[in-house]
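Chain F is already provided as a structure; the job is to place chains B and Z on it using the hints.
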Amino acid sequence: MGIVIFDGVAYGMLLFLIGVGLSITMGLMNFVNLAHGTFAMVGGYAASVLMARLGLGFIPALAAAFVAAAVVGAVLEVVFYRRLYRAHPLDQVLLSIGVVFVSVAAFTWGFGPSMQPFNLPPWLDGQVSLGGFEVGRYRLFLIAAGLVVFAGLLLGLGKTRYGAMVRAAVDNQRVAGGTGIHVQRLFFLTFSLGCGLAGLGGALSLGMLGLEPTFPLKYLVYFLIVVCVGGAGTIVGPFIAALLVGVVDMAGKYYLPEAGAFLIYVFMIIMLLLRPNGIVPRKGLA
Amino acid sequence: MMNKRTLLASLVLAALGATGAAQAAEPLRIGMIATYSGPYADYGRQFDAGVALYLKEHGGKIAGRPVEIVRKDTGGPAPDAAKRMAQELIVRDKVSVLTGLDFSPNAYAVGAIATQAKVPAIVMNAASSAITTSSPYVARLSFTVQQVTDPMARWMLKEGIKEAYTVVADYASGADAETAFKKAFAAGGGKVVGGVRTPMNNPDFSAYVQRIKDAKPQAVFFFFPSGVMPPAFLKVWKERGLEEAGVKLFATGEATDDSYLDATGDVALGLITSHHYSYAHKSPKNEKFVKDFVAQFGTSMRPSYFAVTAYDAMAAIELALAKTKGDTSGDKVMEALKGLSFESPRGPVEIDPVTRDIVQTVYIRKTERVDGRLVNVEFDKFDRVKDPAKEAK
Amino acid sequence: MKAAVKLSPRTVQAAEVAFWVALASCFFFLPDRLTLMSQILIFGLFAVSLDMALGYAGILTVGHAAFFGAGAYAAGLLAKHGWSEPISGLAAALCVCAALGYALSYLIVRGADLTRLMITIGVCVLLAELVNRLSGITGGTDGLQGMVVQPVLGLFDFDLFGKTAFVYTFVVVLAMFLLARLVLRSPFGLTLRGIHDSRKRMLAIGSPVEARLRMAYAISAALAGVAGALMAQTTQFVGIESISFNRSAEVLIILVLGGTGRLYGGMVGAIVYMLVHDWFADMNPEYWMFWLGIFLIAAVMLGRGGIMGALSRRFRTQEHAR
Numbered sequence: 001m002g003i004v005i006f007d008g009v010a011y012g013m014l015l016f017l018i019g020v021g022l023s024i025t026m027g028l029m030n031f032v033n034l035a036h037g038t039f040a041m042v043g044g045y046a047a048s049v050l051m052a053r054l055g056l057g058f059i060p061a062l063a064a065a066f067v068a069a070a071v072v073g074a075v076l077e078v079v080f081y082r083r084l085y086r087a088h089p090l091d092q093v094l095l096s097i098g099v100v101f102v103s104v105a106a107f108t109w110g111f112g113p114s115m116q117p118f119n120l121p122p123w124l125d126g127q128v129s130l131g132g133f134e135v136g137r138y139r140l141f142l143i144a145a146g147l148v149v150f151a152g153l154l155l156g157l158g159k160t161r162y163g164a165m166v167r168a169a170v171d172n173q174r175v176a177g178g179t180g181i182h183v184q185r186l187f188f189l190t191f192s193l194g195c196g197l198a199g200l201g202g203a204l205s206l207g208m209l210g211l212e213p214t215f216p217l218k219y220l221v222y223f224l225i226v227v228c229v230g231g232a233g234t235i236v237g238p239f240i241a242a243l244l245v246g247v248v249d250m251a252g253k254y255y256l257p258e259a260g261a262f263l264i265y266v267f268m269i270i271m272l273l274l275r276p277n278g279i280v281p282r283k284g285l286a
Numbered sequence: 001m002m003n004k005r006t007l008l009a010s011l012v013l014a015a016l017g018a019t020g021a022a023q024a025a026e027p028l029r030i031g032m033i034a035t036y037s038g039p040y041a042d043y044g045r046q047f048d049a050g051v052a053l054y055l056k057e058h059g060g061k062i063a064g065r066p067v068e069i070v071r072k073d074t075g076g077p078a079p080d081a082a083k084r085m086a087q088e089l090i091v092r093d094k095v096s097v098l099t100g101l102d103f104s105p106n107a108y109a110v111g112a113i114a115t116q117a118k119v120p121a122i123v124m125n126a127a128s129s130a131i132t133t134s135s136p137y138v139a140r141l142s143f144t145v146q147q148v149t150d151p152m153a154r155w156m157l158k159e160g161i162k163e164a165y166t167v168v169a170d171y172a173s174g175a176d177a178e179t180a181f182k183k184a185f186a187a188g189g190g191k192v193v194g195g196v197r198t199p200m201n202n203p204d205f206s207a208y209v210q211r212i213k214d215a216k217p218q219a220v221f222f223f224f225p226s227g228v229m230p231p232a233f234l235k236v237w238k239e240r241g242l243e244e245a246g247v248k249l250f251a252t253g254e255a256t257d258d259s260y261l262d263a264t265g266d267v268a269l270g271l272i273t274s275h276h277y278s279y280a281h282k283s284p285k286n287e288k289f290v291k292d293f294v295a296q297f298g299t300s301m302r303p304s305y306f307a308v309t310a311y312d313a314m315a316a317i318e319l320a321l322a323k324t325k326g327d328t329s330g331d332k333v334m335e336a337l338k339g340l341s342f343e344s345p346r347g348p349v350e351i352d353p354v355t356r357d358i359v360q361t362v363y364i365r366k367t368e369r370v371d372g373r374l375v376n377v378e379f380d381k382f383d384r385v386k387d388p389a390k391e392a393k
Numbered sequence: 001m002k003a004a005v006k007l008s009p010r011t012v013q014a015a016e017v018a019f020w021v022a023l024a025s026c027f028f029f030l031p032d033r034l035t036l037m038s039q040i041l042i043f044g045l046f047a048v049s050l051d052m053a054l055g056y057a058g059i060l061t062v063g064h065a066a067f068f069g070a071g072a073y074a075a076g077l078l079a080k081h082g083w084s085e086p087i088s089g090l091a092a093a094l095c096v097c098a099a100l101g102y103a104l105s106y107l108i109v110r111g112a113d114l115t116r117l118m119i120t121i122g123v124c125v126l127l128a129e130l131v132n133r134l135s136g137i138t139g140g141t142d143g144l145q146g147m148v149v150q151p152v153l154g155l156f157d158f159d160l161f162g163k164t165a166f167v168y169t170f171v172v173v174l175a176m177f178l179l180a181r182l183v184l185r186s187p188f189g190l191t192l193r194g195i196h197d198s199r200k201r202m203l204a205i206g207s208p209v210e211a212r213l214r215m216a217y218a219i220s221a222a223l224a225g226v227a228g229a230l231m232a233q234t235t236q237f238v239g240i241e242s243i244s245f246n247r248s249a250e251v252l253i254i255l256v257l258g259g260t261g262r263l264y265g266g267m268v269g270a271i272v273y274m275l276v277h278d279w280f281a282d283m284n285p286e287y288w289m290f291w292l293g294i295f296l297i298a299a300v301m302l303g304r305g306g307i308m309g310a311l312s313r314r315f316r317t318q319e320h321a322r
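Residue numbers (our numbering), protein chains in the order written: chain F, 1 to 286; chain B, 1 to 393; chain Z, 1 to 322.
Among the clues, some could well be false.
The calculated BS3-like cross-link candidates involving lysine-lysine, where the alpha carbons are at most 30 angstroms apart (straight line), are [claimed, not checked]:
hint	chain 1	residue 1	chain 2	residue 2
1	Z	Lys6	B	Lys332
2	B	Lys282	B	Lys248
3	B	Lys118	Z	Lys163
I should point out that these hints are in silico values taken from the structure, not numbers from a laboratory.
Nothing here was measured: the structure is a model prediction, and the numbers come from that model.
Chain F with its partners taken away, still in its complex shape:
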């Protein structure tokens, strides 16, 4: 039982790490970015390639993944996304689907359709005894990383000037622009940050989910669930939602394997019916 909860929390942390960027971009820019998984994939491949070909250590590879995904995000923001902030949500959906398709095809061509081989660094391999349980070190690391990012984001958004600007823009973009906040630049930075976080999450998922070119399509639904159930535009909402999703998924598979794929979607529908605006609804949302 304890192990199941632990595994669920680790899985949830991973979903949070990848999905929090989507919550920020969806909440801030009202942009339905279905291509979020692409940035995670970029980060994952960056880390994998750097570790395999250049022998980079795990932690530097994670940093590199963040940077790589943030850069790709920045480029795409300037070239494409920027022009569609005011567009119909369907156009945004179509653009992001196009980006996903191109990225999946490109990575299949570049890296082949198989799973990227990944070897855990020795200090993360194996299990460690924690409170009477044998827990995987890697999962422990995931939980730690998730907590660090969560705390970092809360502090960043709560205590810094940049964070205050972001919160203002989320609440009411027009008025925020009116007070002199450079909204365009804010979007650019925040989008890149969100993509960078996704990249970090993607790199971390190497040890748990396995990386192959259809990653963005396969796991898109999970990120969407975390953001929707949690509440787009907040940090705490997706955090709670991700943990819930992780634990429900793991517990379901452990105790009720016959329920199979049903469980998580039933859970999602129930949560959405109970709290249609998310666990932590965004303030100022109609």
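Structure of chains B and Z alone, referenced to chain F:
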């Protein structure tokens, strides 16, 4: 409208030129309905490679006629597209044989067209048992999931395994594997102590492996489609220390599919699987096959059972046409295919005269590192295995 | 910017008739591509049904294949278990999907856009999983076989060339399209437009918004079901892909490509998408996804509102709203 894509146009021309064929022999058109795009694009590539290898050995001809392969991409399992393509291949491209058919739903859909048009369809991969019974114009050269699972159960019993736990992917082939395993294992006195079906789109196996760890069965048998699921499962298996806990692991050869084995990596070492073809199979025919394959395609792509089956399908067509003396009418070709037997790179194969399904040797192999590469080393076998689902009837 | 060309209502009507006549004439001019044309028509109807929910009623859904698949399985199971008359099979599928759509609409009309989106996805995936689970009845991932579909009207057999299938599909799709056109140009349709434009104002004038949305969703579901049933009957096979999330995404792409909120958007989108896809499957299958992605990005960056949107910027009808 030149819409069809002729794969071997240059080869055909070269063959014609080389042999100086004076007669304008009518080309033999073969329709290939397979997957060339998306996550399963490898399947189509392997088929093409097997076909190309066979045609190269035979100067681009079958039964004295130059061969034209017309490829159509279904992009994965897409029965409505497959059916439409089969229709177009017969009506527009006037093919004499339909082949390819990597996914079972596509094979079923095309089988119906084969019946309607009385055109022979030769299955190069689809592994659902009822495909050959669904249409009298379908013959299969590949395998069925039940055919490779049944011997594994019997072998496990032979090794003294008395209880087993099954893990399969939750789709038609997984259900097939579970059924075949349970039946064969119970028939031999074994007990299936538990089982689980995992969703196809499953990110993480830890909950399932933890369940197995807590149940502590003597052995576990698993079946997943080849690709990304087996390595994910094996990784968690190693991580959780199931091996140290004394639980033995067995699977079908999809887990160590030759084209994915290198990418799967060391987690597969020591795994015992059952399948009908291993790249490392020791026979003169296979050694020549692999040598020619590498010569033609390099070492980037390893021939797997897809390529071998495609190669054998061409051989079967040639042998059948030899029997019918070049007559390509559906009824005659199907009649000629029945009871056909020849040597394939995998071993001896036969086409059952009653069910038109493949009868072949199923090998028990172990994944080992030989000359620095991971391969499946065969060490036991079951001769002349027929599809158990049809045998039982 | 060039001034938009003004077209009289007569011209527009003539263009519509010409469109359908051109499609029908494929029977004579493209005799060996009839199966492709049938499937284009089916997807066109499916996209139009999605438009009713998405473009007109404003319900963002990526789960519409739930109804396409439900209709397909309804018709398929009927045909398999003895009821092989095709037209009544269609009617049955229509009723089943209308009921299903109405029942699900209670879930759909709540919450914000994003919530609705996820619920529709969830329902679609759940239904697909149900089909997989009940594989004894539905054939699961191997597909539903053994469908026996009697000749249409007792006279026209479903032949290998797809002739009967094409005519049957054409007639049904045209009929359903005209039905949709009727509904969307009626006062009911105008209410939907109003709700899409501003829900609050509609509530303010006392319009029963939720009831209207439910009705729209149910009708949209019924049309999608007919499309699915047509697919099942003309191919005599139902694959699990017809109820999958991928199919929902595909039809969304088709609709957005053609242009939402415009009657012909779905049809035009289906024609373009299927033809391009087919061309790619022959020419360059390995890179289909890549070029489709580029095509989609280009379509969005260069022309908002899809193909019909681009056309509507060039051509204006003289009358006001449709």
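Checked hints:
1. Z:Lys6 with B:Lys332: 64 angstroms, violated
2. B:Lys282 with B:Lys248: 27 angstroms, holds
3. B:Lys118 with Z:Lys163: Between Lys118 (chain B) and Lys163 (chain Z) the Cα gap is close to 18 angstroms, so the pair holds against 30 angstroms.
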